[in-house]
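Chemist: Starting from the known structure of chain A, fit chain B onto it as the hints suggest.
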Amino acid sequence: MPVDYFTFFGLPRKLNVDVAALERDFYELSRKLHPDLNARAASKEQEWVLEQSSLLNDAYRTLKDPIKRTQYLLLLEGVELEEQSKTATDQARATGETKKQIVPPDLLEEVFELNMQLEEVHMQKKMGEDDPALIEEIGKQKLELEGKQESLFRELQGYWNVWDGMIQREQNGQPVSEEERRQERDKMVDVLNRRNYIRNLVRDVSEALEN
Amino acid sequence: MATDRIVGIDLGTTNSLVAFMQGESPVVIPGDDGLNLVPSVVALDADGQPVIGNSARRYLIETPERAVYSIKRLMGRGLEDVKEELKLFPFRLAEDLGAGEVLRIRLGEKTTTPPEISALILRQLKRNAERFFGEAVTKAVITVPAYFNDAQRQATKDAGRIAGLEVLRLVNEPTAASLAYGLDKKQNGTIAVYDLGGGTFDISILKLHDGIFEVIATNGDTHLGGDDIDNLLITIALDDIRGDMDLDFRRNAEAVQSIRKAVIEGKIALSEQPSIKLDVELPGGKRYRREVTREQFEQLIQPVIDRTVGPCKQAMKDAGLKPEQIDEVVLVGGSTRIPKVRALVKELFQRDPHTDLNPDEVVALGAAVQANILGGGSEATENMLLLDVTPLSLGIEVAGGVTDKIILRNSTVPASATQFYTTQVDGQANVAIHVLQGERELAKDCRSLARFDLRGIPPMAAGMPRVEVKFLIDANGILHVSAREQRSGKESEIQVQPSYGLTDEQVEGMILDSFDNAEEDFRRRQVIEARNEVATILAALDKGKKSPAWGHLTTDEKKQIAKMEKALAAVNAEEDYTAIRKAIDALNQGTTRLAELMMDSAVSTALKGKTMDEADMGEGPTAPHPMAKAEFE
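Chains A and B, in that order, give the protein sequences. As numbered in my numbering, residues 1 to 211 make up the first sequence, in order. As numbered in my numbering, residues 1 to 633 make up the second sequence, in order.
Isolated chain A, as found in the complex (with noise of 0.2 Å):
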């Protein structure tokens, strides 16, 4: 297994990073990896510089995007994320969902209706009609759900804070059992799912409303 990009940049496995001083340090770092400034090197040390940039530019695209920053991290702790959506299909179909993830039950109701406006809107738009108060009407639950999206990301940078509260314990010495570590991670993952769902919802009703 290669360098992560955390020790890449030098930074320990915690959430809250600074962004101004990642982007200084890439930018720093550019100047010495990007093969446009080793052009005139032999070729065995311009594969390494290739290796290296790419190694730079992955790591600082990941880190510098809170929510890639997040799913890195649960990697690395050997979640796969993938396989958790794939867990979540398979019970998806297995309750004759289509969906692809698991709706969180608390949306349950809402998602239903809303899919079901969608549906109406695209089949408006494909007879050539326009209704103006379900365009409001889903503008107004688009509004909705980005507040959802909102604050499931402050829910989210909780706890990242519960994480680097414990890894700085770790680091101080301080032994941080498996179990904890498994309960902090499992809280990441499920609000990272609602997430995902939600931005997904996002995109579609935004489609909808564009088209």
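In short, the hints are calculated from the structure, not lab data. All of these numbers come straight from a predicted model, not from anything done at the bench. Ideal Cβ placement from N, Cα and C applies to all residues, glycine included. Warning: the hint list may mix true and false statements.
Claimed, not checked - In silico lysine to aspartate or glutamate, DMTMM-like type, Cα no more than 20 Å apart, as pairs:
(1) B:K317 x A:D204
(2) B:K405 x A:E80
(3) A:K32 x A:E51
(4) B:K405 x B:D474
(5) B:K317 x A:E51
Claimed, not checked - Quick look at which bits of chain B chain A covers, simulated, 3 or more residues with Cβ under 8 Å:
(6) 362 to 375
(7) 429 to 440
Modeler: Just chain B now, kept in the frame of chain A:
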């Protein structure tokens, strides 16, 4: 020895240019006709020899079947991609083309590929640069539209190789333009580059930060440009002619090219004038005349230029920026001279765009800046660094024909992604992977880049092997793939079947066909050029011997000249350029007095002091010249 001189090349749809960094600023190298722009036109003359640039243009009208233009539209494309193009462009494809194959085009009696035609243009630029520097040029930075996909980039790189150029970097055109602009104003801020050229449209949004040019988002359309406007005008003219004169010239290449020439001139004039009059002589002697007002023109092109709006909005959305957050807008490409285009840009970005640099040259100038950075930099480019992105998402086909995106568009390059594969059947040794480029959900709607076969997976139970496949997009925007089976540590063999691309073997073959690729060839060309000069000076000497001036030379002088003449003839039979050159110079020296005497007796004293060579032939170029000298009466 190869020198480290690296030139910057803009290989355009309509025109191509070569530039280099002269001291602190980039300059365009003119061709032997003194012009900076080399039209991207290639023709075959009656002897089957390629003619490139301005001198190829007349073939478009005289022998259209022996000329080709806008070849960039076909780079890295397959038969399925170009159906639309073929309705509007007079490309003559080989009849036996199959799906997924590299396009082959008939040009006169030859059949050739788009990279080979582009290579001829590149070779002309290479020669122009070599004549300018007086030495071989083997390294270049070549620009490509930012929205070019992997296959189009690979085709451009292949063209460079075929032309005998080591392509050190492919740079995106709008980004190159930003480098040229950024050179004099080193500042921080956000800029948008709107690049509407002959055949392609790009929009790039960059963040400038202490010399780092970081592309945040890019978008575009590789089939949108001035060509599309020309085609609208041509279609109208052909319809007019059919309606009013009852003549159908749609299949008459000569007529179409005459009309094309006229409408392009008209289009350009309309950027300055309120109206123009088209007047075209048609085969059969009739004339087509029509007035076009700017208003009509603007109405006509509105749908074409409106197609740039979507990509601009998408790029801003991807960058997470609103128009008011963009500090400056830069215009690139000849089509941005159209006032209506400028108005559209102003409306989109809510500010007046910059037009300080010549939109036809700015990309080549930027390529020269990038060439300088790659060559180790100079005071002017110190601290400058380009961080570009991949314009399209990279994906792989997964079950159900769905695209699984593994590197998202607008990721800074180099970028990589790792995927794990396993087997479905016990002892399975191969896994097929289909790599795609594009934003659509379904694999069939994306662009097929390549199909890879992972081979030599050690025999294991189904699901046991764990093959790690690494996808890496390099700084040129070109994909590389490597694979390793993790349990055995064995490198898997990858067989690449590029979609619409040339294989390495094919490119190698084409390089061998080209006689202009290496240092060796440069020397050979120098010898040929020197021999032409020998022929010239010997002819002049013959003439001198018959002139009255010959009688005024002393016997000794005559003996000396005869000796040098013999020496020249001797080295002329050898392949040593330097020796021939020396003998020419010696004879030139030795005949100075003869030249003077000839001039005294015959022509004006203004030519005094010239040697034989110059007296008879006029001023020669100071650097090696691939063409025979012009006749001088």
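Chemist: If a hint holds in the structure, say so; if it does not, say that too.
Modeler: Against the structure, the hints come out as follows:
Proximity of B:K317 to A:D204 is assessed by CA-CA distance (about 16 Å); at most 20 Å being required, the pair is judged to hold. Taking the CA atoms of B:K405 and A:E80, the gap is about 17 Å. The hint holds against a cut of 20 Å. Using a Cα cut-off of 20 Å, the hinted pair A:K32 and A:E51 holds, with the two alpha carbons roughly 13 Å apart. Under the criterion of a C-alpha separation no larger than 20 Å, the hint pairing B:K405 with B:D474 is consistent with the structure, at around 17 Å.
For the proposed pair B:K317 and A:E51, the alpha carbon gap of about 30 Å is over 20 Å, so the pair is violated. Evaluation of the coverage hint for the region 362 to 375 of chain B: fulfilled, as 4 residues show C-beta separations to chain A shorter than 8 Å, against a requirement of three. Interface restraint, the region 429 to 440 of chain B with chain A: violated (0 residues with C-beta to C-beta distance below 8 Å; minimum three).
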